[in-house]
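Let chain A serve as the given structure and place chain B on it in line with the hints.
Here the protein sequences line up with chains A and B, keeping their order. For the first sequence, the numbering used here assigns the number 32 to the initial residue and increments by one for each residue that follows. For the second sequence, the numbering used here assigns the number 32 to the initial residue and increments by one for each residue that follows.
Be a bit skeptical, because a hint or two may be false.
Put simply, identical chains are the same to the list, so a pair is met inside one copy or across any two.
As the list claims (entries may be wrong) - Capping the alpha-carbon separation at 20 Å, the derived lysine to aspartate or glutamate pairs in DMTMM-like fashion look like this:
{"id": "1", "residue 1": "Lys121", "residue 2": "Asp35"}
{"id": "2", "residue 1": "Lys127", "residue 2": "Glu75"}
{"id": "3", "residue 1": "Lys121", "residue 2": "Glu58"}
{"id": "4", "residue 1": "Lys127", "residue 2": "Asp99"}
{"id": "5", "residue 1": "Lys121", "residue 2": "Glu75"}
{"id": "6", "residue 1": "Lys85", "residue 2": "Glu75"}
{"id": "7", "residue 1": "Lys86", "residue 2": "Asp35"}
{"id": "8", "residue 1": "Lys85", "residue 2": "Glu109"}
{"id": "9", "residue 1": "Lys85", "residue 2": "Glu68"}
{"id": "10", "residue 1": "Lys114", "residue 2": "Asp35"}
{"id": "11", "residue 1": "Lys155", "residue 2": "Glu68"}
{"id": "12", "residue 1": "Lys86", "residue 2": "Glu154"}
Think of the hints as simulated: they come from the structure by calculation, not from any bench.
Protein chains: 2
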Amino acid sequence: MNLDAQWVVGFVDGEGLFHVGVFRHPEMAVGFQILAEFTVVQHERNVAVLYALKKFFGCGVVRRNHGDRMAYRVRNQEHLREKIIPFFEKHPLKTKKRQDFMIFRRVLLMMSRGEHLTPEGLEKIRRMVQRSSGG
Amino acid sequence: MNLDAQWVVGFVDGEGLFHVGVFRHPEMAVGFQILAEFTVVQHERNVAVLYALKKFFGCGVVRRNHGDRMAYRVRNQEHLREKIIPFFEKHPLKTKKRQDFMIFRRVLLMMSRGEHLTPEGLEKIRRMVQRSSGG
Numbered sequence: 032m033n034l035d036a037q038w039v040v041g042f043v044d045g046e047g048l049f050h051v052g053v054f055r056h057p058e059m060a061v062g063f064q065i066l067a068e069f070t071v072v073q074h075e076r077n078v079a080v081l082y083a084l085k086k087f088f089g090c091g092v093v094r095r096n097h098g099d100r101m102a103y104r105v106r107n108q109e110h111l112r113e114k115i116i117p118f119f120e121k122h123p124l125k126t127k128k129r130q131d132f133m134i135f136r137r138v139l140l141m142m143s144r145g146e147h148l149t150p151e152g153l154e155k156i157r158r159m160v161q162r163s164s165g166g
Numbered sequence: 032m033n034l035d036a037q038w039v040v041g042f043v044d045g046e047g048l049f050h051v052g053v054f055r056h057p058e059m060a061v062g063f064q065i066l067a068e069f070t071v072v073q074h075e076r077n078v079a080v081l082y083a084l085k086k087f088f089g090c091g092v093v094r095r096n097h098g099d100r101m102a103y104r105v106r107n108q109e110h111l112r113e114k115i116i117p118f119f120e121k122h123p124l125k126t127k128k129r130q131d132f133m134i135f136r137r138v139l140l141m142m143s144r145g146e147h148l149t150p151e152g153l154e155k156i157r158r159m160v161q162r163s164s165g166g
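With the rest of the complex left out, here is chain A (with noise of 0.2 Å):
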């Protein structure tokens, strides 16, 4: 299955969430882990568009997300930052989950510099995230 750039917007505003979670990790200097994910979540029967969205951005995998829903989802920094990024950023969003994708996009460049790893980056980024529409 071959997706069209304006298909994949108009799903992506509908299904997609770019999600920026702050979880407490004691380990880390500044006590807390950023991850950043861009996920597309469907029942089961439509997981062969979950694995056209894989195959369209070139990164990312496709996994059972739980009970009969499976996911499409996008970690990796640098993937996010050279593919999925760029992609959004030529091919704007309609609905308000362009507020997500911003700070999202925000938070990704700040972690490209190391900020997340600063007392007072870290409070940016959580205070950016509270911010959210939640998707």
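Chain B alone, transformed into the frame defined by chain A:
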């Protein structure tokens, strides 16, 4: 907001619903009424996208669904037959929602011939709807 046809297909693959309802209706000869509707439901923060769909298809209404949910909805059979169905015939859905659409399309064709007003036609529609994946 102007929408691209492929964006619309992708968004409806995620968020659209092609629903055929069979309701008891004692005043009708066959005892049941068929209601077909195409809907897209969103959180109210995305109401602009629903109005963009209304403009794109040139039919339907945007109404509050329940709570903080808004819906774009087309129930008018002529609009469904002449605007919604031809669009998705020309631009096929990519998820299993296409199966729901195919049943929806067949039911509307049967209704245009008055077949839903006969016991045989009604029974056929009921069986078709039961086979549907439920959106």
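Hint-by-hint comparison with the structure:
1. In this homomeric assembly, Lys121 and Asp35 come within 20 Å of each other (Cα to Cα) both inside a single copy, at 14 Å, and across copies, at 15 Å.
2. Proximity of Lys127 and Glu75 under a CA criterion of 20 Å is satisfied inter-copy only: 10 Å between copies versus 26 Å inside one chain copy.
3. Within a single copy, Lys121 and Glu58 get their C-alpha atoms no closer than 38 Å, and across copies no closer than 56 Å, so neither meets the 20 Å cut-off.
4. Taking CA atoms no more than 20 Å apart as the test, Lys127 paired with Asp99 passes between copies only; the shortest distance there is 15 Å, against 27 Å inside one copy.
5. Taking identical chains as interchangeable, the C-alpha atoms of Lys121 and Glu75 are never at most 20 Å apart, the minima being 30 Å within one chain and 26 Å between chains.
6. In this assembly of identical chains, the alpha carbons of Lys85 and Glu75 lie at most 20 Å apart only when taken from the same copy (15 Å versus 30 Å across copies).
7. In this assembly of identical chains, Lys86 and Asp35 lie within 20 Å of each other by CA distance solely inside one copy; the values are 12 Å within and 22 Å between copies.
8. For a Cα distance limit of 20 Å, the shortest separation of Lys85 from Glu109 inside one copy, 15 Å, qualifies, whereas the shortest one across copies, 39 Å, does not.
9. For the identical chains of this complex, Lys85 and Glu68 are intra-copy neighbours only, at 14 Å inside a copy versus 33 Å across copies, given an alpha-carbon limit of 20 Å.
10. Taking the shortest alpha-carbon separations for Lys114 and Asp35, only the intra-copy value of 16 Å comes in at or below 20 Å, while the best inter-copy value is 22 Å.
11. In this homomeric assembly, Lys155 and Glu68 come within 20 Å of each other (Cα to Cα) only inside a single copy, at 18 Å, whereas the closest approach across copies is 46 Å.
12. Proximity of Lys86 and Glu154 under a CA criterion of 20 Å is satisfied in neither setting, with 36 Å inside one chain copy and 43 Å between copies.
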